[in-house]
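Q: Below are the chains, spelled out letter by letter.
2 protein chains.
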Amino acid sequence: MTTIKDIADHVGVSFKTVSRVLNNHPSVSEETRTRVWAAVQELGYRPNAAARSMRTGKSHTIGFITDSIATRPHAGNVILGAQHEAWQHGRLLLVVNTEQDPTMEEEAISMMLERQVDAIIYAAWYHRPVSPPPMIKGVPCVLVDCFVEDYSISSVVPDEVRGGREATEQLLKNGHHRVGFINNEDKIPATFGRLQGYRAALTAHGIDFDKELVIEGQSDSSNGYECAQHLLSLSDPPTALFCFNDQMAMGAYEAVKERGLGIPEDIAIIGFDNLELIAATLRPSLTTMQLPHYEMGRWAVDYLMGIVDGDQERLPVHEKLECPLVARQSVT
Amino acid sequence: MTTIKDIADHVGVSFKTVSRVLNNHPSVSEETRTRVWAAVQELGYRPNAAARSMRTGKSHTIGFITDSIATRPHAGNVILGAQHEAWQHGRLLLVVNTEQDPTMEEEAISMMLERQVDAIIYAAWYHRPVSPPPMIKGVPCVLVDCFVEDYSISSVVPDEVRGGREATEQLLKNGHHRVGFINNEDKIPATFGRLQGYRAALTAHGIDFDKELVIEGQSDSSNGYECAQHLLSLSDPPTALFCFNDQMAMGAYEAVKERGLGIPEDIAIIGFDNLELIAATLRPSLTTMQLPHYEMGRWAVDYLMGIVDGDQERLPVHEKLECPLVARQSVT
Numbered sequence: 001m002t003t004i005k006d007i008a009d010h011v012g013v014s015f016k017t018v019s020r021v022l023n024n025h026p027s028v029s030e031e032t033r034t035r036v037w038a039a040v041q042e043l044g045y046r047p048n049a050a051a052r053s054m055r056t057g058k059s060h061t062i063g064f065i066t067d068s069i070a071t072r073p074h075a076g077n078v079i080l081g082a083q084h085e086a087w088q089h090g091r092l093l094l095v096v097n098t099e100q101d102p103t104m105e106e107e108a109i110s111m112m113l114e115r116q117v118d119a120i121i122y123a124a125w126y127h128r129p130v131s132p133p134p135m136i137k138g139v140p141c142v143l144v145d146c147f148v149e150d151y152s153i154s155s156v157v158p159d160e161v162r163g164g165r166e167a168t169e170q171l172l173k174n175g176h177h178r179v180g181f182i183n184n185e186d187k188i189p190a191t192f193g194r195l196q197g198y199r200a201a202l203t204a205h206g207i208d209f210d211k212e213l214v215i216e217g218q219s220d221s222s223n224g225y226e227c228a229q230h231l232l233s234l235s236d237p238p239t240a241l242f243c244f245n246d247q248m249a250m251g252a253y254e255a256v257k258e259r260g261l262g263i264p265e266d267i268a269i270i271g272f273d274n275l276e277l278i279a280a281t282l283r284p285s286l287t288t289m290q291l292p293h294y295e296m297g298r299w300a301v302d303y304l305m306g307i308v309d310g311d312q313e314r315l316p317v318h319e320k321l322e323c324p325l326v327a328r329q330s331v332t
Numbered sequence: 001m002t003t004i005k006d007i008a009d010h011v012g013v014s015f016k017t018v019s020r021v022l023n024n025h026p027s028v029s030e031e032t033r034t035r036v037w038a039a040v041q042e043l044g045y046r047p048n049a050a051a052r053s054m055r056t057g058k059s060h061t062i063g064f065i066t067d068s069i070a071t072r073p074h075a076g077n078v079i080l081g082a083q084h085e086a087w088q089h090g091r092l093l094l095v096v097n098t099e100q101d102p103t104m105e106e107e108a109i110s111m112m113l114e115r116q117v118d119a120i121i122y123a124a125w126y127h128r129p130v131s132p133p134p135m136i137k138g139v140p141c142v143l144v145d146c147f148v149e150d151y152s153i154s155s156v157v158p159d160e161v162r163g164g165r166e167a168t169e170q171l172l173k174n175g176h177h178r179v180g181f182i183n184n185e186d187k188i189p190a191t192f193g194r195l196q197g198y199r200a201a202l203t204a205h206g207i208d209f210d211k212e213l214v215i216e217g218q219s220d221s222s223n224g225y226e227c228a229q230h231l232l233s234l235s236d237p238p239t240a241l242f243c244f245n246d247q248m249a250m251g252a253y254e255a256v257k258e259r260g261l262g263i264p265e266d267i268a269i270i271g272f273d274n275l276e277l278i279a280a281t282l283r284p285s286l287t288t289m290q291l292p293h294y295e296m297g298r299w300a301v302d303y304l305m306g307i308v309d310g311d312q313e314r315l316p317v318h319e320k321l322e323c324p325l326v327a328r329q330s331v332t
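First to last, the protein sequences are chains A and B.
Taking our numbering, the leading residue of the first sequence gets 1, the next gets one more, and so forth.
Taking our numbering, the leading residue of the second sequence gets 1, the next gets one more, and so forth.
Simulated from the structure, these hints should not be mistaken for lab results.
Just so it is clear, the structure is predicted and the values come from calculations on it, not from any experiment.
Worth double-checking, as some hints may not be accurate.
When chains are identical, the list treats them as one kind, so a pair holds in a single copy or across two.
No more than 35 Å apart at the CA atoms, straight line, and that leaves these computed lysine-lysine pairs for DSBU-like [claimed, not checked]:
| id | residue 1 | residue 2 |
| --- | --- | --- |
| 1 | Lys16 | Lys320 |
| 2 | Lys16 | Lys5 |
| 3 | Lys211 | Lys257 |
| 4 | Lys16 | Lys137 |
| 5 | Lys187 | Lys137 |
| 6 | Lys5 | Lys137 |
| 7 | Lys137 | Lys320 |
| 8 | Lys173 | Lys257 |
Just need the whole structure built from these sequences, with the hints factored in.
A: In structure tokens:
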């Protein structure tokens, strides 16, 4: 087994210098760094994290369990945010995608505990209540974009109500008084929260809620198209549409264009989620509200590190993060 | 420190039964499993992977280093495929997203070697040549959706030429003789390969290559729109368009619709990549070629496990996987 001393002898520098390079200490010249790493490779030296983990009881990894974030194109930024923050704390993420299979979830958590992860993040690809295996409480843990009904585990989710309010206000501020809302039909927090926000914005602007202007459908582009068709054919149609998500907005675009109307000059449209693939590529590009995926990922790691490094117990918290406006070309 | 014996005494079962539950052996009743896991949790027992790793020199993890697959919506299925295959082999993926920062790449690889990963996957979010840090060769490794120019490291990539040929043939088979090709302008393997495939298909069908029918632009929807506008205004316009990717096809849809033409009855359109968010939601839904992301992920792990478990050296291989047709509604 190659030791640090072997590397030092081989390169002709001190033990301390090699140690500094291995720990990425800045006070070593680029040239020496390069030579040390070349020797590390040549001699096959490996600093032994397993031994260190045995000694300290810490693995410097954070388990990241998710239903399907790594698979689906919607929420990858949760991983990125968590990864960035973990990196700042000298930790790696151990990511497992369970596809919500309870057996795989249990096995993943068990394997993570076995590998002595410092903490676990349990993240969903969309905001919903969950029932994680109780074993998860074996280490500090936090739920991302999901929550347990009794709030006994800390969680971080998007502020759906505020997002819905601000999306609607963006239309009201631009002089629209008849604002249609094309909502999702699923009974999930985003559906309820965004509707509540829509109503709150109307109230704040002294506009009566008109249930004729709210329509529900499956949250895809076909249903966005159908719902927009319906709202645009009302006797007193809206001049602006708030769509539950960007896919529904994509369908609404089709309906507006088919009637020979222009976006945003005849009909303003605002979406939700900021799926770049859709929002940035629609013509005109879509103004929408951004889900705080990146921020939730960062928040989760930051919160966990406060517990792990601070060695303190905390009561569960439930954080709601803002969904900021991403202004593009579909609202005036 | 809690031992397996403590758990066995607590639950009132044998040492062997507890061991079986911990190793997910099927021959234990659901009731006993539940009681054992409850005791594991209550008594705080943790099978010590660090100790096992010290003993066996194997960590049962596979490092997965990527530029940005976890962040971007394009290639998440590489992680899913690798994860599924790794799971079959009782291994977890240690995923790190480096954003192509060379320092972060080196640190990630160094941390992975330190944690004694059994193997490393180095994956790009689109097919391109790469220069991974040489340290990566410290363990069995494979490149996914990328390759080194001298092919000294094994790699798996999409068969771009075959994909381009089959996309074009799909249009030719449907009776189209004037097939436009809206290509990417970037000098990358997908650009060259798909063009080569387009030409091969024409040749195989006895159709002369007409350079007027090939146009290049940035691979986004605006440029897809502009390029389609150009091709449709030719004196002898195409009746079918093969688009470099689904975003360009999305723009081509706009151009076709603006001219009052129908898809597929007037103009057939085929894309590439099968980005579900776009291809499945366009109206009509887009026929396209699927990038073998999932299959490349699986292939990579399967290949690595052959080396790790088989304890054998292998010469580097360079695998090209098929891009299968996903038939939807935009081609007749």
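Q: Would you mind marking each hint as holding or not holding in the structure?
A: Right, here's what the structure says about each hint:
1. For a Cα distance limit of 35 Å, the shortest separation of Lys16 from Lys320 qualifies neither inside one copy, at 46 Å, nor across copies, at 46 Å.
2. In the homo-oligomer, the alpha carbons of Lys16 and Lys5 lie at most 35 Å apart inside one protomer (9 Å), although the nearest pairing across protomers, at 44 Å, exceeds that limit.
3. Within a single copy, Lys211 and Lys257 get their C-alpha atoms as close as 25 Å, and across copies as close as 34 Å, so both meet the 35 Å cut-off.
4. Taking the shortest Cα distances, Lys16 and Lys137 sit within 35 Å of each other only across copies (26 Å), while inside one copy they are farther apart (40 Å).
5. Proximity of Lys187 to Lys137 under the C-alpha cut-off of 35 Å is restricted to the intra-copy arrangement: shortest distance 28 Å within a copy versus 50 Å between copies.
6. In the homo-oligomer, the alpha carbons of Lys5 and Lys137 lie at most 35 Å apart only across protomers (23 Å), although the nearest pairing inside one protomer, at 42 Å, exceeds that limit.
7. For the identical chains of this complex, Lys137 and Lys320 are intra-copy neighbours only, at 22 Å inside a copy versus 44 Å across copies, given an alpha-carbon limit of 35 Å.
8. In this assembly of identical chains, the alpha carbons of Lys173 and Lys257 lie at most 35 Å apart whether taken from the same copy (24 Å) or from different copies (33 Å).
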